[in-house]
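Sequential numbering from 1 applies to the sequence shown in my numbering.
What the hints contain is simulated information worked out from the structure, not anything from laboratory work.
Among the clues, some could well be false.
[Said to hold, decoys possible] The calculated DSS-like cross-link candidates involving lysine-lysine, where the alpha carbons are at most 25 Å apart (straight line), are:
id	residue 1	residue 2
1	Lys219	Lys231
2	Lys171	Lys303
3	Lys50	Lys171
4	Lys171	Lys138
5	Lys346	Lys50
6	Lys231	Lys171
7	Lys50	Lys303
8	Lys103	Lys138
9	Lys303	Lys254
10	Lys346	Lys303
11	Lys92	Lys346
12	Lys254	Lys346
13	Lys254	Lys231
14	Lys138	Lys110
15	Lys346	Lys171
16	Lys303	Lys92
17	Lys92	Lys50
18	Lys103	Lys50
19	Lys138	Lys50
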Amino acid sequence: MNFLHYADSRYLTNHITSRDGEIRLAQQLQLSDSSDLELNLAHFQQQGAKFVLLGIPEDIGPRANLGRGGADTGWDAFLSRFCNLQQNGFIKGEEIALLGHIKCEDLQQKSLNLDLSNQSDLSQIRQLVEQLDQRVSKVIEQIVLHDLTPIVIGGGHNNAYPILKGVSAAKGRGIAAVNLDPHTDFRALEGRHSGNGFNYAADQGYLSHYFSLGMHELKNSAANIAGLNEKHFPFISYQQIWSRRELSFEQALKIASCYLGDSCAPIGIELDLDSISFMPASAYTNCGVSLCDAEFYIDQMAKLPNSCYLHLAEGAPIQHPAGIEAGISDVGQAYAALVTSFIQSKQNIGED
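Please take these sequences and the hints and turn them into a complete structure.
Okay, structure coming up:
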């Protein structure tokens with residue numbers, strides 16, 4: 001597919017810092033050796049890979065939602081930290097394949113001169129998001145058809161929609177999803193952007209069950225909440241868990257797990273970095289969850305037998321108050337920690 005930049009042996013050159021006597025995780029990753037998607041995926045599968053890393057370096061989705069940009073650098077931030085983690089007995093790096101990233105440069109470039117206060121230009125950037133949807137869904141479908149588990153690093157949360165579409169096409173049924181996020185991302189069907197991916201997926205039959213975890217009671221419109229209620233999609237709010245202490249985080253996770261398990265559907269795990277306190281993201285917050293709690297959420301959801309993908313979104317290094325270098329460090333560390341939580345949980349590391 002000509003909209004994929006495949007990760008070959010040169011792809012990680014600028015991301016690895018070597019040290020004598022140590023093996024970095026990047027040195028164990030399976031890399032692409034072809035310009036054909038299906039050949040690469042078949043090779044990964046034959047070599048024992050279980051997880052496929054895919055980047056989506058764009059911020060047109062958040063900007064199409066009239067939000068802040070910067071999520072386009074999240075993928076590189078992730079690689080800079082993940083690649084230099086140690087390969088040892090706590091993770092099986094040979095089960096991880098690095099496919100590469102979706103080419104977004106042309107769409108990004110077309111979006112730069114648009115005035116989003118102008119309704120016509122706003123419609124144009126939302127059409128660019130639709131083009132991105134097509135690229136992402138086709139790749140995700142092929143990954144899942146090859147019995148591999150996608151781990152997708154954004155980019156904006158708009159990409160939840162094409163991921164769900166691709167997984168649904170491969171599985172031949174609607175998907176269940178859980179989302180740790182102060183926003184339900186259930187805005188109106190007004191043209192594609194980062195705030196309505198789950199609503200579009202539900203409307204088109206790709207999302208059959210949805211659990212919104214940690215949604216902020218005052219950061220979601222009445223219409224958004226009504227949309228969840230109409231679909232009978234449950235939620236537990238941030239205030240219920242952390243402000244009013246009506247239940248513990250562990251209890252909330254058990255409720256979510258039961259709902260997802262009872263669906264008998266394949267399960268997608270979603271996390272928006274703007275759920276985490278002080279994390280540079282498209283919607284920065286100082287009253288969110290801790291990174292440790294976010295890791296625990298990933299760990300617990302990954303233990304569900306039907307969990308079939310991980311999507312992390314909205315990390316925006318440029319939004320760090322101390323500048324982009326600090327943002328790259330913080331976003332990179334967070335993404336790497338969350339990805340390894342997912343993989344270690346799936347590999348049953350630490351449970352012997």
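Query raised in the report: Quick one, are lysine 138 and lysine 50 close enough, alpha carbons at most 25 Å?
Result: 19 Å, holds
Query - 25 Å limit on alpha-carbon distance, applied to hinted pair lysine 303 and lysine 92 - result: 17 Å, holds
Report task. Compare the distance between the alpha carbons of lysine 138 and lysine 110 with 25 Å, and conclude whether the hinted pair is satisfied. Result -> 22 Å, holds
Report task. Below or equal to 25 Å on CA atoms is what counts here, so check lysine 219 against lysine 231. Result -> 20 Å, holds
Query raised in the report: Does the structure keep lysine 103 and lysine 50 at a Cα separation of 25 Å or less?
Result: Distance ~23 Å between lysine 103 and lysine 50 Cα, so the pair holds.
Query raised in the report: For the pair supplied as a hint, lysine 346 and lysine 171, is the alpha-carbon distance within the 25 Å limit?
Result: Satisfied, since the Cα-Cα distance of roughly 20 Å is no more than 25 Å.
Requested in this report: For the pair we were handed, lysine 303 and lysine 254, check the Cα-Cα distance against 25 Å.
Outcome: Holds, at about 12 Å.
Query raised in the report: lysine 171 and lysine 138: Cα distance at most 25 Å?
Result: The given pair, whose Cα atoms are some 13 Å apart, holds under the 25 Å limit.
Query raised in the report: Is lysine 231 within 25 Å of lysine 171, Cα to Cα?
Result: 22 Å, holds
Query - Distance restraint between lysine 346 and lysine 303, which requires alpha-carbon spacing of 25 Å or less - result: 6 Å, holds
Query raised in the report: Are the Cα atoms of lysine 254 and lysine 231 separated by 25 Å or less?
Result: 21 Å, holds
Report task. Could you grab the alpha-carbon distance between lysine 346 and lysine 50 and see if it respects the 25 Å cut-off? Result -> 10 Å, holds
In summary, this structure violates none of the numbered hints.
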